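K.L.:
Listed below are the residues making up each chain.
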Amino acid sequence: MDTHDLILVTIIAEPVLEDRLTREIMDRGATGYTITEVRGRGTRGIRTGDIPGQSIRIETLVTVDVADALLDRAAEAWFPHYAVVAWASPVRVIRGDKF
Amino acid sequence: MDTHDLILVTIIAEPVLEDRLTREIMDRGATGYTITEVRGRGTRGIRTGDIPGQSIRIETLVTVDVADALLDRAAEAWFPHYAVVAWASPVRVIRGDKF
Amino acid sequence: MDTHDLILVTIIAEPVLEDRLTREIMDRGATGYTITEVRGRGTRGIRTGDIPGQSIRIETLVTVDVADALLDRAAEAWFPHYAVVAWASPVRVIRGDKF
Numbered sequence: 001m002d003t004h005d006l007i008l009v010t011i012i013a014e015p016v017l018e019d020r021l022t023r024e025i026m027d028r029g030a031t032g033y034t035i036t037e038v039r040g041r042g043t044r045g046i047r048t049g050d051i052p053g054q055s056i057r058i059e060t061l062v063t064v065d066v067a068d069a070l071l072d073r074a075a076e077a078w079f080p081h082y083a084v085v086a087w088a089s090p091v092r093v094i095r096g097d098k099f
Numbered sequence: 001m002d003t004h005d006l007i008l009v010t011i012i013a014e015p016v017l018e019d020r021l022t023r024e025i026m027d028r029g030a031t032g033y034t035i036t037e038v039r040g041r042g043t044r045g046i047r048t049g050d051i052p053g054q055s056i057r058i059e060t061l062v063t064v065d066v067a068d069a070l071l072d073r074a075a076e077a078w079f080p081h082y083a084v085v086a087w088a089s090p091v092r093v094i095r096g097d098k099f
Numbered sequence: 001m002d003t004h005d006l007i008l009v010t011i012i013a014e015p016v017l018e019d020r021l022t023r024e025i026m027d028r029g030a031t032g033y034t035i036t037e038v039r040g041r042g043t044r045g046i047r048t049g050d051i052p053g054q055s056i057r058i059e060t061l062v063t064v065d066v067a068d069a070l071l072d073r074a075a076e077a078w079f080p081h082y083a084v085v086a087w088a089s090p091v092r093v094i095r096g097d098k099f
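Chains as they are written, first to last, in the working numbering: chain V, 1 to 99; chain W, 1 to 99; chain F, 1 to 99.
There's no promise every hint is true.
In silico negatives: residues of chain F with every beta carbon more than 10 Å from chain W [claimed, not checked]:
1) 14
2) 15
3) 19
4) 63
5) 71
Here are the computed distance ranges between Cβ atoms for each label pair [claimed, not checked]:
6) V:2 - F:23: 41 to 47 Å
7) F:29 - W:27: 19 to 25 Å
8) V:5 - W:18: 40 to 46 Å
9) F:18 - W:4: 24 to 30 Å
10) W:5 - F:16: 39 to 45 Å
11) W:37 - V:16: 18 to 24 Å
12) W:27 - V:65: 35 to 41 Å
13) F:80 - W:80: 41 to 47 Å
14) F:63 - V:76: 35 to 41 Å
15) F:5 - W:4: 18 to 24 Å
Here are some chain W residues pointing at chain V (derived, C-beta under 10 Å) [what the hints assert, rightly or not]:
16) 36
17) 63
18) 66
19) 72
20) 84
No lab work stands behind these hints: they were computed from the structure.
Bear in mind that the values here come from a model prediction, so they are computed numbers and not experimental data.
Built from N, CA and C at the ideal position, the CB exists for glycine as well.
Whole structure, please, built from the sequences with the hints as guidance.
P.N.:
Here you go:
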């Protein structure tokens with residue numbers, strides 16, 4: 001089977017950040033993303049009460065280099081100012097598309 | 001702890017494909033699946049505009065052999081005709097169920 | 001880049017279990033979680049019909065020790081009584097937060 005190894009980058013953020021984050025993701029070399037409406041509760045200040053607050057999950061399949069650029073950007077520009085959580089994990093993707 | 005190693009196969013597709021894809025997934029040996037309503041934007045033609053379009057994410061926990069069969073099927077039968085993205089990643093699952 | 005290695009624990013369960021499971025997750029050392037409304041079908045008894053039933057996906061980023069405690073708890077206390085599926089996978093998380 002023809003697959004390639006990519007990195008799945010997942011970002012949990014406040015809904016108001018969707019336009020900014022997805023634009024920055026595409027600007028750094030991603031070719032697409034998926035957004036899921038979720039509810040979150042955490043120490044990052046999204047919500048401190050008992051009721052989980054609305055958040056979005058942004059996922060994008062990217063090369064190792066783009067993943068590093070996105071995590072760098074998250075750590076430097078998003079993390080200090082917003083309640084953002086971001087992580088990366090390796091996945092095996094079916095080919096036929098440019099990423 | 002009693003766990004086993006399985007493959008989490010994730011498929012992003014147009015909602016109209018749900019019945020077909022889930023039937024093919026079960027036919028190839030999966031014992032279940034999870035569906036999430038998502039919004040997607042990508043180069044695979046789901047949407048090329050600025051507004052992310054509705055998609056579904058199908059996830060299924062399967063053995064390595066079933067995962068390979070699903071990715072093969074995705075590459076051969078789904079990928080050329082539909083805006084489908086599919087990937088696989090290894091996970092550790094709590095036992096007690098047949099997969 | 002400053003990242004740390006954590007475990008992403010994912011739990012699929014009936015919506016009625018949300019309060020119990022999230023309380024137990026936090027009690028065992030998690031500092032947050034994300035919930036997604038999903039539809040599920042599987043052999044674990046969630047639904048046996050043709051129409052996928054409503055479920056929730058609970059995700060939490062935790063240390064290896066907390067992940068093991070959660071999977072142990074899932075196997076011992078949740079799995080025998082409820083239609084719960086749970087798995088773990090390693091991820092690389094941007095730092096700046098305590099987990």
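K.L.:
Just pull the numbers of the violated hints for me, sorted ascending.
P.N.:
Going through the list in order, the structure violates hints 5, 7, 8, 10, 14, 17, 18 and respects the others.
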